[in-house]
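S.K.: One letter stands for each residue in the lines below.
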Amino acid sequence: MVARTVLHDADITRALRRIAHEVLESRRGEGRLVFLGIPTRGATLADRIQRIVDEIEPGVSSAGSLDITLYRDDLAKSPTRTPAPTRIPAEGIDDAIVVLVDDVLYSGRTIRAALDALVDHGRPRVVRLAVLVDRGHRELPIRADFVGKNLPSATSERVSVRLVEVDGADEVTIEP
Amino acid sequence: MRHLLSTRDLDRETAIRILDVAEDMAQTADREVRKLPPLRGKTVVNLFFEDSTRTRLSFESAAKRLSADVITFSAKGSSVSKGESLKDTAQTLAAMGADAIVVRHHDSGAAHQLAHAGWIDAAIINAGDGTHEHPTQALLDAYTIRARRFGAGARGRDLAGMRVAIVGDILHSRVARANVWLLTTLGAEVHLVAPRTLLPHGVEHWGATVHEHLDDALAAAPDAVMMLRIQSERMRDAYFPSAREYARVWGLTAERLALLGPDTMVMHPGPMNRGLEISSAAADSARSTVLAQVTNGVSIRMAVLYLLVAGSSGTAEPTGGEG
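Same order as they appear, the protein sequences are chains C and P.
Heads up: the first sequence begins at 1 in my numbering, then just goes up one per residue.
Heads up: the second sequence begins at 1001 in my numbering, then just goes up one per residue.
Treat the hints loosely; a few may be bogus.
What the hints assert, rightly or not - Below, a list of computed lysine-lysine pairs in the DSBU-like style, where the Cα atoms sit at most 35 Å apart:
{"no.": "1", "chain 1": "P", "residue 1": "Lys1035", "chain 2": "P", "residue 2": "Lys1064"}
{"no.": "2", "chain 1": "P", "residue 1": "Lys1087", "chain 2": "P", "residue 2": "Lys1064"}
{"no.": "3", "chain 1": "P", "residue 1": "Lys1064", "chain 2": "C", "residue 2": "Lys77"}
{"no.": "4", "chain 1": "P", "residue 1": "Lys1087", "chain 2": "P", "residue 2": "Lys1035"}
{"no.": "5", "chain 1": "P", "residue 1": "Lys1064", "chain 2": "C", "residue 2": "Lys149"}
{"no.": "6", "chain 1": "C", "residue 1": "Lys149", "chain 2": "P", "residue 2": "Lys1087"}
No lab work stands behind these hints: they were computed from the structure.
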């Protein structure tokens, strides 16, 4: 029952740097980038990736968060959840390149909810998806454009992402 | 939390949770699409045995913003006026598949009875029962005070150390009762001001400071002054000599307005009797939160409906979980 660390802090930093570069490359020199993280840890990751992008190409990007609680497809089947704040950058998302950011991509249901929430805020030019860990087992036709690490896992296993801003340390663990 | 019947049932954590969710709901007001999906397929019934256009409209727009189907059932012109009992009405609504019932009734305790008599399984929200309780009004008042004082940093906070004066017809006011209980739970210091004839028995046990003159309460430098409506429809006896005298001693006149601190809020649950309990100078001043209270009312009612109706049970669970 022991948790195995699959990404250490330096691995996470490297993965986020690589994602930042890939996002910039896919932008092909034009378009406003808006990184929208899904609370809690996705929002932290979106802020981090945006900071890296801003170092490389200042002024082309902004970051925010997009809460999906009210859009979940399992709302009625689980106890009421408290929503988290949504922060949309002041310039809005119309005609922007929106990059949704989450920590773990699993069933794909969170992203489905995020796409629904997104259209209520405006009409981006394109929407991309960046995740730190893709652990497989999709239940919907959704895939990530930018992946920090592909982590084949069993559904019984538990993948946990911890980040300094939220949990005091950076690491990704998997436990049986 | 299964029903919302009284602010006395709310502990500090639950109250703050409702206010925080209302912050999230308020945030959605300036989006391109204001509609949210969490109550899709749910039915909310507005059951009003007593007229109240504002409260009914507020609940109705809250429920619609959350995508619920809304049925409005007002006592006038319904079989209630033909003598149908509360029980029969409740069972009819249950048979129609109501998920929540927002009830306004002229008898104190009606919402409580609806919730606990076992006639119906729906969540019951008290929208005012007699002279007893009006919990969503108190919640929206607390929300308004918190938002005015702390702005963007309001989330997670209570009202510790804040002084709120509630002025006017305490005797008949469900708004006053609901507010005293909630504000006290949130750590605020409550001052009640009324002519002796408009103070209920046992008011000294409410945990609030009681004043007979408005000037004494204003001397305590309150953060908010909440003026209650003089409810002429409930006044069957002479509770004060004349309207002019009431306005002079207990009304928030332009002169008294000038004595208030620069950050003191002037609140009123509406509808206002201008020139009686509140002067136009006070009602229209920058200190007035009257319109903010109306806007915040929708957010609070959205929060309450969401928390009571969206999930499978009323118990709390933190956000998160991978997916």
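S.K.: Confirm or reject each hint.
M.R.: Hint by hint, here is what the structure shows:
1. Restraint check for P/Lys1035 and P/Lys1064: satisfied, since their Cα atoms lie roughly 8 Å apart, inside the 35 Å limit.
2. At roughly 27 Å between alpha-carbon atoms, P/Lys1087 and P/Lys1064 fall within 35 Å of each other, so this suggested pair holds.
3. Only pairs whose Cα atoms come within 35 Å are accepted, and P/Lys1064 paired with C/Lys77 is accepted, the gap being roughly 21 Å.
4. For a cut-off of 35 Å, the pair hint linking P/Lys1087 to P/Lys1035 stands: about 34 Å separates their Cα positions.
5. Restraint check: the Cα-Cα separation between P/Lys1064 and C/Lys149 comes to about 42 Å, which exceeds 35 Å; the hinted pair is violated.
6. Proximity of C/Lys149 to P/Lys1087 is assessed by CA-CA distance (about 60 Å); at most 35 Å being required, the pair is judged violated.
Violated hints for the displayed structure, listed by number in ascending order: 5 and 6.
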